[in-house]
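Peer 1: Residue numbers (the numbering used here), protein chains in the order written: chain A, 1 to 284; chain B, 1 to 267; chain C, 1 to 346.
Since the hints were made in silico from the structure, they are not lab data.
Glycine included, each C-beta is placed from N, C-alpha and C at the ideal position.
Incorrect hints may have been included.
Claimed, not checked - For each label pair, taking beta carbons as the anchor points, the in silico distance ranges come out as: (1) C:133 to A:189: 37 to 43 Å; (2) A:61 to B:183: 51 to 57 Å; (3) C:104 to A:13: 52 to 58 Å; (4) A:189 to C:255: 52 to 58 Å.
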Amino acid sequence: MIRTAPRRLVDYAPIAWPALMLVLFFVLPFGLMLAVSFFRRVPGGFYQPDFVLANYARFLTAFFGNVLGFSLGLALLVAVIAVALAFPFTYLLSRMRRRQQVPWLVFLLAVLSLSEVIIGFSWSTLLSRTAGVTNLLVLIGLMDQPVSLSPGFGAVLTGMTYQAFPYAVLVLYPSLSRLDPTLTEAARTLGASPLRSFFTVVVPALRNAILATVIMVFVFALGSYLLPQLLGRPQQWTLSVLITDQAIYQSNMPFAAAMAVFLVLVSLALVVLSTLLGQKEGRT
Amino acid sequence: MIARFAIRLFLAAMALLLAAPLAVVAGVSINEKKSLTFPPQGFSLAWYGEIFAEAGWRNALFASLGIALASAALAVIVALPLAWFLWRRHAPWARLVQLLGFAPFVLPPVITALGFLSFWNAAGFYGAAWTVVISHGIFFVTLPLVTLTLGFEAIDGSLVEAAATMGADEPTILRTVVLPLILPYMISGFAFAFVLSLNEYIVAYMTVGFTVETLPIRIFNSLRYGYTPTMAAVAVLFVVIAAVVFGLVARFGDLPKLLGAWSPRED
Amino acid sequence: MSGLVLDGIAKSFGTVVALHELSLTIPQGKFVCLLGPSGCGKTTLLRLVAGLDLPSAGRIRLDGADITDLPAHRRDFGMVFQSLALFPHLSVGENIAYPLRIRGASKADQAAEVTRLLDLVRLPGIADRPVSRLSGGQRQRVAIARALALKPKLFLLDEPLSALDAKLREAMQIELKLLQERLGITTIVVTHDQREAMTMADLVVVMSAGRIQQAAPPVEVYCHPVNAFVADFIGTTNLLQGQVVAPGRLGLPAGEISVPGLPAGGATAISVRPENLRLHAEGGGENRVAACVTFIRDLGATVEMRLDAAGQELILVMPPADLPELRPGAGVFVELPAAACVVLSP
Numbered sequence: 001m002i003r004t005a006p007r008r009l010v011d012y013a014p015i016a017w018p019a020l021m022l023v024l025f026f027v028l029p030f031g032l033m034l035a036v037s038f039f040r041r042v043p044g045g046f047y048q049p050d051f052v053l054a055n056y057a058r059f060l061t062a063f064f065g066n067v068l069g070f071s072l073g074l075a076l077l078v079a080v081i082a083v084a085l086a087f088p089f090t091y092l093l094s095r096m097r098r099r100q101q102v103p104w105l106v107f108l109l110a111v112l113s114l115s116e117v118i119i120g121f122s123w124s125t126l127l128s129r130t131a132g133v134t135n136l137l138v139l140i141g142l143m144d145q146p147v148s149l150s151p152g153f154g155a156v157l158t159g160m161t162y163q164a165f166p167y168a169v170l171v172l173y174p175s176l177s178r179l180d181p182t183l184t185e186a187a188r189t190l191g192a193s194p195l196r197s198f199f200t201v202v203v204p205a206l207r208n209a210i211l212a213t214v215i216m217v218f219v220f221a222l223g224s225y226l227l228p229q230l231l232g233r234p235q236q237w238t239l240s241v242l243i244t245d246q247a248i249y250q251s252n253m254p255f256a257a258a259m260a261v262f263l264v265l266v267s268l269a270l271v272v273l274s275t276l277l278g279q280k281e282g283r284t
Numbered sequence: 001m002i003a004r005f006a007i008r009l010f011l012a013a014m015a016l017l018l019a020a021p022l023a024v025v026a027g028v029s030i031n032e033k034k035s036l037t038f039p040p041q042g043f044s045l046a047w048y049g050e051i052f053a054e055a056g057w058r059n060a061l062f063a064s065l066g067i068a069l070a071s072a073a074l075a076v077i078v079a080l081p082l083a084w085f086l087w088r089r090h091a092p093w094a095r096l097v098q099l100l101g102f103a104p105f106v107l108p109p110v111i112t113a114l115g116f117l118s119f120w121n122a123a124g125f126y127g128a129a130w131t132v133v134i135s136h137g138i139f140f141v142t143l144p145l146v147t148l149t150l151g152f153e154a155i156d157g158s159l160v161e162a163a164a165t166m167g168a169d170e171p172t173i174l175r176t177v178v179l180p181l182i183l184p185y186m187i188s189g190f191a192f193a194f195v196l197s198l199n200e201y202i203v204a205y206m207t208v209g210f211t212v213e214t215l216p217i218r219i220f221n222s223l224r225y226g227y228t229p230t231m232a233a234v235a236v237l238f239v240v241i242a243a244v245v246f247g248l249v250a251r252f253g254d255l256p257k258l259l260g261a262w263s264p265r266e267d
Numbered sequence: 001m002s003g004l005v006l007d008g009i010a011k012s013f014g015t016v017v018a019l020h021e022l023s024l025t026i027p028q029g030k031f032v033c034l035l036g037p038s039g040c041g042k043t044t045l046l047r048l049v050a051g052l053d054l055p056s057a058g059r060i061r062l063d064g065a066d067i068t069d070l071p072a073h074r075r076d077f078g079m080v081f082q083s084l085a086l087f088p089h090l091s092v093g094e095n096i097a098y099p100l101r102i103r104g105a106s107k108a109d110q111a112a113e114v115t116r117l118l119d120l121v122r123l124p125g126i127a128d129r130p131v132s133r134l135s136g137g138q139r140q141r142v143a144i145a146r147a148l149a150l151k152p153k154l155f156l157l158d159e160p161l162s163a164l165d166a167k168l169r170e171a172m173q174i175e176l177k178l179l180q181e182r183l184g185i186t187t188i189v190v191t192h193d194q195r196e197a198m199t200m201a202d203l204v205v206v207m208s209a210g211r212i213q214q215a216a217p218p219v220e221v222y223c224h225p226v227n228a229f230v231a232d233f234i235g236t237t238n239l240l241q242g243q244v245v246a247p248g249r250l251g252l253p254a255g256e257i258s259v260p261g262l263p264a265g266g267a268t269a270i271s272v273r274p275e276n277l278r279l280h281a282e283g284g285g286e287n288r289v290a291a292c293v294t295f296i297r298d299l300g301a302t303v304e305m306r307l308d309a310a311g312q313e314l315i316l317v318m319p320p321a322d323l324p325e326l327r328p329g330a331g332v333f334v335e336l337p338a339a340a341c342v343v344l345s346p
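Could you put together the complete structure from these sequences and hints?
Peer 2: Next up, the structure:
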């Protein structure tokens with residue numbers, strides 16, 4: 001099929017509408033946010049146009065340094081754990097017959113699409129004293145008394161890993177399901193055990209895909225804004241939580257915008273990095 | 001033998017971990033008393049009735065459904081011509097527009113949410129109920145864009161040429177060949193956007209959080225006043241809706257292929 | 001004049017030249033095969049005729065009218081694609097009725113036409129079946145029926161039989177030829193299979209590297225190939241390089257032979273078909289050269305013998321009954337009859 005270049009004005013019509021919508025409702029809001037990050041906050045009110053760097057300067061305090069460090073560290077930890085679990089899982093999933101894969105995929109999609117509110121609520125229930133998992137342990141006699149496991153760092157980490165796991169699986173799924181099965185079969189005929197062929201053939205072959213997935217999940221985890229609130233204490237709040245907090249409760253839009261811009265820069269840089277890794281994989 | 005057992009154990013453990021919080025919530029939702037206890041004490045579906053009986057939950061449910069339906073439709077309507085253009089026309093610059101369509105979903109959602117907050121505020125519509133439909137429609141445009149892009153790539157180009165040699169002009173080809181073939185991908189794109197919009201919190205909260213109560217917003221607001229089994233019932237309802245919708249997508253389409261596996265017939 | 005005229009057609013994609021300037025006239029009612037290896041430009045040429053691509057230069061005329069700039073959907077040609085391009089969302093009948101439906105034909109007219117066409121391709125009563133349930137041969141016929149639904153002035157087929165197994169393909173070739181003769185419709189088929197071209201075509205157009213090498217009836221192409229490419233591509237042949245030593249005399253490594261129509265001097269190539277070579281026990285006759293048997297294979301219907309004639313390989317084909325007691329290594333004499341030697345242009 002020949003794809004012709006658009007020539008007449010009417011040829012451009014199909015793309016004009018989506019382009020207009022995306023520019024109006026994505027580029028413009030984004031640009032506005034960028035502008036607001038340089039505006040001056042009016043105490044008690046909203047903000048007024050200006051060009052100040054004060055909002056960015058606030059990053060330099062120890063408090064935000066800590067929050068930033070914690071956010072990045074937490075997101076990285078979540079990404080590494082989620083991918084470490086998701087990689088062998090996805091490998092096994094992709095080796096199943098198609099008909100067996102489908103229920104798993106439906107289940108993973110259902111979990112992935114769950115609202116953070118519901119994940120947070122579910123885990124806080126599971127980790128609670130009254131309805132939590134410790135009740136089961138009491139029931140089978142492993143514990144004397146049910147205890148509350150939430151809020152706390154462990155609860156935040158668990159909830160976020162839970163949220164990130166199906167995402168990691170679905171990011172890994174295309175490359176793993178396209179992996180040539182004869183690769184491992186060849187390794188097997190050369191005398192490698194299944195586990196050995198997995199670590200010596202599958203993992204190295206998809207090194208870049210794994211790294212790219214870690215980055216994607218890292219960015220995904222950076223965006224988590226409710227789980228740290230629902231499952232953690234204020235010291236476990238991340239940059240995303242602070243942005244929401246500043247924007248809604250402190251009514252400090254300029255500062256929230258500055259933090260958001262910063263988050264965008266970090267995320268974009270990482271996404272570009274992961275795309276480059278993906279392309280490198282494609283070429284080899 | 002041992003290896004096979006270990007694999008089963010690992011898969012079962014992952015299934016258990018994924019299902020555990022949902023199972024607990026399901027258990028809580030059928031509790032007879034209005035307290036959060038597990039294992040459940042007694043059995044009652046009253047809390048599910050509550051979603052429809054209590055005006056606050058019912059309104060939130062209908063608001064969420066309405067927003068999800070409208071914004072998913074908008075997402076498809078924006079994505080369809082874009083995906084068609086990228087497939088049918090030779091225009092490298094159009095990739096830029098495609099990139100814009102992918103961006104909202106890749107960036108942390110709080111950023112898009114804040115952008116919308118600034119935008120609707122500046123435009124003077126902050127809090128108007130319809131703004132969340134547009135916001136969600138743009139936020140989730142990535143999903144139908146991805147499924148439709150896949151769908152168009154799956155159409156054999158010679159079908160289009162065959163239609164042309166038989167006398168069909170471009171609009172006729174679109175109507176009689178392209179749209180019927182792309183319909184499953186349109187539906188799955190709609191389904192993805194619908195389910196995600198239903199579950200979305202932060203964008204809805206930052207645009208209409210103080211005027212419209214969607215289900216996720218209502219759950220979050222209620223959390224401050226303590227847990228109730230109704231919240232558990234709503235959570236279960238959400239899981240069921242997601243599972244049913246994705247189950248239907250899998251029933252009428254090729255889910256593995258939609259998620260990026262090679263088609264088994266492709267050779 | 002009536003028929004299709006390609007006048008100075010050329011096509012390039014960017015810097016890649018797919019077709020060098022070429023001209024070709026196809027008289028009304030003829031069956032033409034565009035034959036060549038993959039990448040020779042035959043499909044590009046067919047697509048230009050169909051209007052699916054626009055030529056970079058030249059004009060296309062049909063019955064005197066210039067159709068170069070007419071878009072594909074207004075040419076009213078019937079085309080069968082290599083993938084067949086049957087619409088998967090339509091039934092057999094709906095596929096065949098498609099060109100009628102989009103022209104607003106009534107349901108009754110559509111149904112009558114579908115019945116007529118399915119009878120024509122000898123598949124009556126399958127109009128309601130989904131195309132996914134058809135066998136390869138049935139899909140083939142449905143695609144042909146659909147392309148004929150408009151009673152087109154030109155019937156174009158792009159490698160239409162390539163997906164079929166050898167037996168079915170041969171049967172379909174004969175059927176397609178008989179159908180074309182019955183309808184008297186001008187037909188152009190693209191193929192890389194020289195047997196297919198020989199079976200069906202009134203006119204074979206041999207193409208290579210974006211150029212027409214030879215356009216002639218099948219027997220002419222086979223017996224009088226104009227150059228080494230055509231001689232080699234059509235069937236099996238002996239391509240022999242030699243030096244013109246005297247008027248009408250060609251010097252081969254194994255000896256001198258007389259060949260009619262030789263140029264005045266210099267290096268020249270000739271083609272001799274394997275079935276025209278004659279085997280002799282003794283030398284001395286006209287156009288005989290000494291050779292040594294290297295390999296013999298009995299293919300049942302024929303015997304093929306390979307020989308070495310002072311460094312040049314010869315292939316010789318004969319009926320099994322004529323095969324003398326010979327083993328590889330035996331010395332024999334091979335006659336290259338002057339009448340069978342075709343001088344090739346460089």
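Peer 1: Looking only at beta-carbon atoms, does the pair residue 189 of chain A, residue 255 of chain C fall within the given range of 52 to 58 Å?
Peer 2: Holds: the Cβ-Cβ distance is about 56 Å, inside 52 to 58 Å.
Peer 1: 52 to 58 Å was suggested as the range; check whether the CB atoms of residue 104 of chain C and residue 13 of chain A agree with it.
Peer 2: violated, 26 Å
Peer 1: Is it true that residue 133 of chain C and residue 189 of chain A lie within 37 to 43 Å of each other by Cβ?
Peer 2: holds, 40 Å
Peer 1: Is 51 to 57 Å a correct range for the gap between the Cβ atoms of residue 61 of chain A and residue 183 of chain B?
Peer 2: holds, 55 Å
Checked against the numbered hints given earlier, this structure breaks only hint 3.
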